[in-house]
Amino acid sequence: MGMIDVGVFHRVPGLAVIDPATGEAIGHVPACAAPEAHDAVIAARAAHGAWARTAADARGSLLKAAARRLREHAREIAELQTRETGTPLSGSLGGVERGISAIEAYAELGPLDRAPAPRGDLVVREPRGVVAILMPWADPLAASCSALAASLVSGNVVVLKPSEKAPLAAQRMVELLDLGDILQILHGDKRAAQPLSTHPGVDLVIRPGEEAAGSHLVVIDAGVDAEWAAEEVASSAFAGSGQSCGSVERVHVHRTVAEPFLEALAARARALRIGPGLATGTELGPLIDDDQRVWVHRQVQDAVYEGAELLAGGEPLYGPGYFYPPTVLTGAPDDALVICGETRGPVVTVRVVDSFGEALMGSERIGIASVLTPAHANAQRAWRELPARTVSVNSVFCTPRPGAEPELLTAVTRTKVVHLS
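Residues 15 to 435 in the numbering used here are what the sequence shown lists, from first letter to last.
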């Protein structure tokens with residue numbers, strides 16, 4: 015693939031899209047701002063009436079056909095995503111597959127979705143209107159396609175704003191979906207995102223990836239196989255270079271299994287093959303840009319300065335691209351930056367605890383939790399006591415089944431109850 019230029023630049027300047035594995039530009043997109051955001055909203059609004067009146071099953075059929083076009087070009091889209099995000103190709107292929115599956119699922123689910131009607135009254139869900147979706151740069155299609163499909167199948171129109179760090183796969187997706195004015199794409203940085211999200215013609219703003227705000231905590235109970243637990247943690251903590259909102263960042267491990275767990279986790283971190291996402295055998299690609307690498311390293315340095323022990327990684331890999339090694343820390347204090355916020359890098363911090371009850375403490379800042387335990391009672395206790403939005407038992411992977419998020423259909427519609435007498 016050569017340089018990719020999107021749009022016509024006689025009206026607005028271009029933003030370079032950088033390959034994080036090399037630091038070199040691989041394409042350009044328009045640097046849109048308030049005028050272009052306004053035009054996109056107005057064009058979408060003009061298309062809304064006819065789309066909202068289209069029968070739900072017809073909308074679903076149109077989305078199914080669009081998803082089939084994406085499937086035919088899945089590898090092309092995945093390669094674009096790898097070039098702009100650095101994610102190993104296998105990871106990009108998986109993310110594109112999840113995105114397409116979400117579109118297919120909502121194409122089926124949307125026309126069937128009906129709210130329960132009290133006392134025989136009629137409950138109708140009406141589209142909100144214009145939905146703005148601000149895509150993240152981490153695994154963008156997997157993160158955003160559920161919101162996109164739920165919005166469209168419900169009769170909304172969409173203005174899609176890709177991250178300026180990863181816009182090329184989104185652009186190609188929109189071209190292949192080929193849905194006309196009901197799906198607008200707006201490129202640019204915050205100068206486009208801010209006027210879009212505050213535009214009076216936008217009825218709903220969705221920021222995929224922010225729903226799971228907060229760290230992903232794994233609790234490892236006594237009696238758990240240490241090698242298996244280490245593989246589970248590593249698979250999530252280091253996938254996508256740890257930049258997903260759902261990546262494991264913190265682990266509380268019972269002292270009885272801590273030593274073999276830490277040895278296995280550190281060994282796995284040191285063994286991962288680091289390189290460009292399109293290179294054969296790459297298991298961990300670069301971070302999205304140098305700013306992210308600086309932020310990750312600052313958190314690691316702060317933890318070590320505050321007394322944490324570094325078991326693996328911890329030093330930037332300087333040279334072409336923005337690489338940072340898989341890093342394992344233990345003993346970081348509660349006020350360390352790596353504990354207080356989201357690192358969004360291949361860094362996992364481990365705390366050794368003396369009881370299952372202690373393992374559940376200090377979890378106020380988490381958004382996702384996973385519990386690895388052989389004890390049914392402890393699993394029950396964990397999901398009741400942990401404040402996380404999502405809790406999984408004996409697996410660290412909390413990705414919902416595509417189309418299994420009925421709350422999305424509620425969010426993108428307004429419910430109207432018609433009382434029948």
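It should be emphasised that the hints constitute simulated quantities derived from the structure, not laboratory data.
From the three backbone atoms N, C-alpha and C, an ideal C-beta is built for every residue, glycine too.
Be a bit skeptical, because a hint or two may be false.
[Claimed, not checked] No farther apart than 20 Å at their CA atoms in a straight line, the calculated lysine to any residue pairs in the SDA-like style are these:
| hint | residue 1 | residue 2 |
| --- | --- | --- |
| 1 | K78 | R112 |
| 2 | K78 | A57 |
| 3 | K78 | A60 |
[Claimed, not checked] Here are the simulated distance ranges between beta carbons:
| hint | residue 1 | residue 2 | range |
| --- | --- | --- | --- |
| 4 | R398 | R89 | 42 to 48 Å |
| 5 | H52 | R269 | 38 to 44 Å |
| 6 | G194 | H52 | 51 to 57 Å |
| 7 | A72 | R312 | 26 to 32 Å |
Going down the list of hints, with the structure as the test:
For the hint pairing K78 with R112, the CA-to-CA distance comes to about 15 Å; that is within 20 Å, so the pair holds. Proximity of K78 to A57 is assessed by CA-CA distance (about 24 Å); at most 20 Å being required, the pair is judged violated. Distance check on the hinted pair: K78 and A60 sit about 24 Å apart at the alpha-carbon level, beyond 20 Å; violated. A hinted range of 42 to 48 Å holds for the C-beta pair R398 and R89, which are about 44 Å apart.
At roughly 59 Å, the beta-carbon separation of H52 and R269 lies outside the given 38 to 44 Å, and the hint is violated. Checked against the hint of 51 to 57 Å, the pair G194 and H52 fails, with Cβ atoms roughly 19 Å apart. For the pair A72 and R312, the beta carbons lie near 52 Å from each other, so the given range of 26 to 32 Å is not met.
Of the numbered hints given earlier, the model fails hints 2, 3, 5, 6, 7; all others are met.
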